[in-house]
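Number of protein chains: 2
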Amino acid sequence: MMKYTEMTARQRQAEYDAVLADYEKQKALGLKLNMARGKPSTEQLNMVMDMCSVLVKPEDFVSDGIDSRNYGNVDGLPAAKALFADILGCKPEQCFVGGNASLQLMYDAISKAYTHGLLHSEKPWSKLEKVKWLCPAPGYDRHFKVTQTFGAELITVPMTADGPDMDRVEELIQDPAVKGMWNVPKYSNPEGVVYSDETIRRIASMKPAAPDFMLMWDNAYCIHEFEGDFVPFADILSLCAEYGNADMVYEFASTSKVTFPGAGVSVMATSEANLAYLKPIINIQTIGYDKINQLRHVKYLKNKEHTLALMQRHAAILRPKFHTVLDALDREIAPLGIGTWKRPMGGYFVSYDAMPGTAKRALALCKEAGVTMTGAGATFPYGEDPRDSNIRIAPSLPPVEELQQAIAIFCICVKLAALEKLGV
Amino acid sequence: MMKYTEMTARQRQAEYDAVLADYEKQKALGLKLNMARGKPSTEQLNMVMDMCSVLVKPEDFVSDGIDSRNYGNVDGLPAAKALFADILGCKPEQCFVGGNASLQLMYDAISKAYTHGLLHSEKPWSKLEKVKWLCPAPGYDRHFKVTQTFGAELITVPMTADGPDMDRVEELIQDPAVKGMWNVPKYSNPEGVVYSDETIRRIASMKPAAPDFMLMWDNAYCIHEFEGDFVPFADILSLCAEYGNADMVYEFASTSKVTFPGAGVSVMATSEANLAYLKPIINIQTIGYDKINQLRHVKYLKNKEHTLALMQRHAAILRPKFHTVLDALDREIAPLGIGTWKRPMGGYFVSYDAMPGTAKRALALCKEAGVTMTGAGATFPYGEDPRDSNIRIAPSLPPVEELQQAIAIFCICVKLAALEKLGV
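Respectively, the protein sequence lines represent chains A and B. Here the numbering used here is used: the first residue of the first sequence is 205, the next is one more, and so on. Here the numbering used here is used: the first residue of the second sequence is 205, the next is one more, and so on.
The hints are all genuine.
If chains are identical, the list can't say which one is meant, so a pair holds when it fits in one copy or spans any two.
Derived SDA-like pairs (lysine to any residue); straight-line CA-CA distance at most 20 Å:
#1 Lys349 x Pro484
#2 Lys261 x Glu247
#3 Lys349 x Asp279
#4 Lys331 x His320
#5 Lys236 x Glu606
#6 Lys334 x Ala413
#7 Lys331 x Ala317
#8 Lys503 x Ser257
#9 Lys331 x Thr353
#10 Lys231 x Ala612
#11 Lys483 x Thr353
#12 Lys349 x Lys483
#13 Lys349 x Gly276
#14 Lys336 x Glu374
#15 Lys411 x Glu446
#16 Lys327 x Ala317
#17 Lys336 x His320
#18 Lys334 x His320
Read the hints as simulated data drawn from the structure, not as lab findings. No experiment lies behind these values; they were computed from the predicted model shown.
Start from the sequences and build out the full structure, keeping to the hints where you can.
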């Protein structure tokens, strides 16, 4: 095999004819495969079924004297706060334990900035002329859409191998209209980048012009290694406090990829001052989240150590899937010089950078052949990848055999798109 | 016994001395009793424990081909929509099934009116000079607080035996700044009033000046009779549609007082056009609510008929509690002419109107004697009862023996407050 750019026109035409024939063959199979979303597989769901039998008798439902079945305790069960504090390395009193979705806690925190203002806001953001928001990209589409839906101007910050480009961030936060920044600091979505210690310190010590700057720290993959052991990670709350930024940070996590994606438990960890400000506002929205499900998780997951052991069992299911994808890329794409990717050690994605100007076309070809992928551009603000290059691959849901078929088709499609671009 | 107003000063003094002696005796017991919130009792929670064992094997978790354990289906499981449509008398496609709290669905609907605007809004309400809101009172304090927290001006509408004073409502909605109205149409909180057919028709046929008027229809007690059989109730969605107001109404209900208060399932029922508008906005807030809990409810409650049978078992627990309260009032207070109340047939409250100017004092006395009640004024906008008269009694939580003590103390306190007012 040789690089496509080094081929003669005739060689490229021959390659195109061969790849196109492969494509037509695959398309004729009428497959329906999905690598679009970071959904755990049925095998993973079946693995945690014991969670459904930890609460049986009425007395099981009582925790620290609180009947989890009844109303109340808007910030969650103390035992659930303790569990999350153990996992995140923060304090239980910094934890607000919510419902089944950390995305909802993020959305609601930002929504309250708009309707009520935050602890250090001069006024609700809905009364401001302009709100700008930093979006390290490639990043998580659902993050970007949250700030977009409230009308914020999204500013792309390039991702590096160490996290966001901090020179750029430090320059941008001089603007008081810049009110916040998205982060997935460990195994970033989609690249699997782990922010370096230096980047994290630079983030924690930022001096944004906005007094109510929101450092959104979505620690979605805090214990989600699929290669090797658990990698300890800095507690962003104490780091921020160390630099006088205690009220700047809002950390999020959930058990969506630990127990059940649709029925996990979420947490927002932030300063006690922020919680003292936010709790009465949230208490108007709800009397409390589902404490039974919180207690179910406490009884099943027990503590950090026990949870990490469970994560190793998830890893055993996920690892061969990531290897399937990465091996195929190594074998099929690497020699052709038409794409680059990183080898993540955790998280739920492989980020593939196609030859610029070919991502949309490649994914259109995938779709036509029955392989659903996250839309091209989704990893950038407004869904617009300026280079039309980044593609997010989510290998977790399909069984390995289906994944082999899906990634084979994906490789064919990126080849075809590259050949079309180079001219055949 | 004779009416306090008909007593001579000397008689009143003697009565005061006797009641005060009773009060001191009760206070000395150091009781800790609670009639503050409409919380179901432990007996009711224990009665529905079978709900926790309806989902066991992995295949139990699949409903209409959807794995309830995984992500997705922002508007809920089809089976859950069908259950709520059966109970409310609307269509499944009008139901958005949410998480554990209908209050949250109400808050979020109004929050989105402020941040995004509704289907027929000219702009988000946060961009308006003024938003006004109609609050039939006495009413539910948590309702009033939702609209207050967003800065709406709350306008009190008097409640009558048939529901809100519709002459007043029809006049007030001529103002385009009046954007909505709270309602608990069946067994209203706190009076237990069931809106009459005529009132409901007048509401459904309203012509508010605001094109995006929100008729908030909190059908919290839709199947919550504690005396007698289920009372059929109009489907407000089809009634509104009949009068060309299909998009005006947002109905809410939940299983908080059917299964577990803290871990039930909630629903918002509204026009398909409203849902088509709101679903994509809500889908930015969350990927979906807890579908496992939705399915648990579907399997346990089955359908309306089966749910009504369960509600009769709740009624059997609640009935003696309401009788305890009402009997005490009949016996202790009625002959004295110092208070009035209604005899509700369903819901969770007894509404007591004390001699004007004595509610705060009576509740302060209760508190001192160890009986916690909903704060005086809570049933009015801004927590201010202009007559300082209405008191909400919640008999559901304490066992009957405790309730007997609590209501005895309550009677003593309203007597003392009245005697103080009349002069001793």
